[in-house]
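The residues making up each chain are set out below.
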Amino acid sequence: MLRATQRAPYAQQAISKCFARSFATKYDRPVGGSSDFQVPDFKDDLNPAKNGSSTKRNLSYFMIGSFGLATAISARHAVQDFLTTMSASKDVLAMAKVEVDLANVPTGKNLVVKWRGKPVFVRHRSDAEIKEANSVDISTLRDPQTDSERVKDPHWLVMIGICTHLGCVPIGDSGDYDGWYCPCHGSHYDISGRIRKGPAPTNLEIPEYTLDGTTLTVG
Amino acid sequence: MSKIYNILFRRNSVFISAIFGAAFFVDIGFNSAVDKYFDYVNQGKQWKDIKHNYIKSGEDEE
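Line order of the protein sequences matches chains H and P.
The letter at position 195 of the first sequence is residue 195 when you use UniProt numbering, and the numbering goes up by one with no holes.
The letter at position 10 of the second sequence is residue 10 when you use UniProt numbering, and the numbering goes up by one with no holes.
Since the hints were made in silico from the structure, they are not lab data.
Careful: at least some of the hints might be erroneous.
Stated by the list, open to error - Simulated DEER-style distance windows between Cβ atoms:
hint : chain 1 : residue 1 : chain 2 : residue 2 : range
1    : P       : 8         : H       : 95        : 43 to 53 Å
2    : H       : 67        : P       : 56        : 47 to 57 Å
3    : H       : 142       : P       : 12        : 57 to 67 Å
4    : P       : 17        : H       : 48        : 49 to 59 Å
5    : H       : 62        : P       : 33        : 13 to 23 Å
6    : P       : 24        : H       : 90        : 25 to 35 Å
7    : H       : 94        : P       : 41        : 24 to 34 Å
8    : H       : 97        : P       : 10        : 53 to 63 Å
9    : P       : 37        : H       : 90        : 20 to 30 Å
10   : H       : 183       : P       : 38        : 51 to 61 Å
11   : P       : 45        : H       : 79        : 44 to 54 Å
Ideal placement from N, C-alpha and C gives every residue a C-beta, glycine not left out.
Produce the complete structure using the sequences and hints provided.
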């Protein structure tokens, strides 16, 4: 409709002629209409020089584009608003974090913190324990992980205290590898929380945490 | 005028991409403009304006 100008001139003429003839003869008024009926003149509409104004055309496209733009923006916001209803609110997020001051935990001691209903083990490891954790040949492990993959600061081991077997809470400072021992089915974890013996399939899980000086934030 | 047509409107693909591209920037621009206006109207009333009265610098914000 807006491309009238692109039509070949002979087609224009043919159409004009066709209209002109038909109006002039048969259809100069509606059937049964009054004799003073004036057939509208479409000549200007068919004249490319008069109706092909690019200003008009550009305005049409501009309006179409503007409404498209508005629609796109509102659609984006509708989708985003819907998605935000699914995310956790700020008070929930604030409750989902635990902050612990580690300054009072002496070397070689464990600390258990509750985080999202689960126990989190924090161990202040001694240099000997760090050395021991790094001396293990990881190719012999069931769930091969180096000690450096499991800690951010080698002196502080932070992990979720739930046995990966059936979810008991392992006991600290015990077991064959001087790490953790799960009394339920006898899984032994070493000083890096890696599974060494027993039925558990994987190492103890490491939560997301940040260490800032002596402040530990879990979550 | 026909230059605009030839560049922007002639191909529908270009037209549509232009709409979405413009929507992206107009959205951001509009939001920041409204935010700025809001801050201007509420000068001195918001927490970020009066925070320095309560929190000394270097202290934790929480």
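Taking the hints in turn, this is what the structure says about them:
1. P/8 - H/95: 43 to 53 Å: Hint holds: Cβ distance 51 Å, inside 43 to 53 Å.
2. H/67 - P/56: 47 to 57 Å: Once the Cβ atoms are compared, 52 Å apart, the range 47 to 57 Å for residue 56 of chain P and residue 67 of chain H holds.
3. H/142 - P/12: 57 to 67 Å: Holds - the Cβ-Cβ distance for residue 142 of chain H and residue 12 of chain P, about 59 Å, lies within 57 to 67 Å.
4. P/17 - H/48: 49 to 59 Å: violated, 29 Å
5. H/62 - P/33: 13 to 23 Å: Check passed, 21 Å falls within 13 to 23 Å.
6. P/24 - H/90: 25 to 35 Å: holds, 27 Å
7. H/94 - P/41: 24 to 34 Å: holds, 29 Å
8. H/97 - P/10: 53 to 63 Å: 55 Å Cβ-Cβ, so the 53 to 63 Å window holds.
9. P/37 - H/90: 20 to 30 Å: Given a distance of about 25 Å, which is inside 20 to 30 Å, the answer is holds.
10. H/183 - P/38: 51 to 61 Å: holds, 59 Å
11. P/45 - H/79: 44 to 54 Å: This hint is violated: roughly 32 Å between Cβ atoms.
Of the numbered hints given earlier, the model fails hints 4, 11; all others are met.
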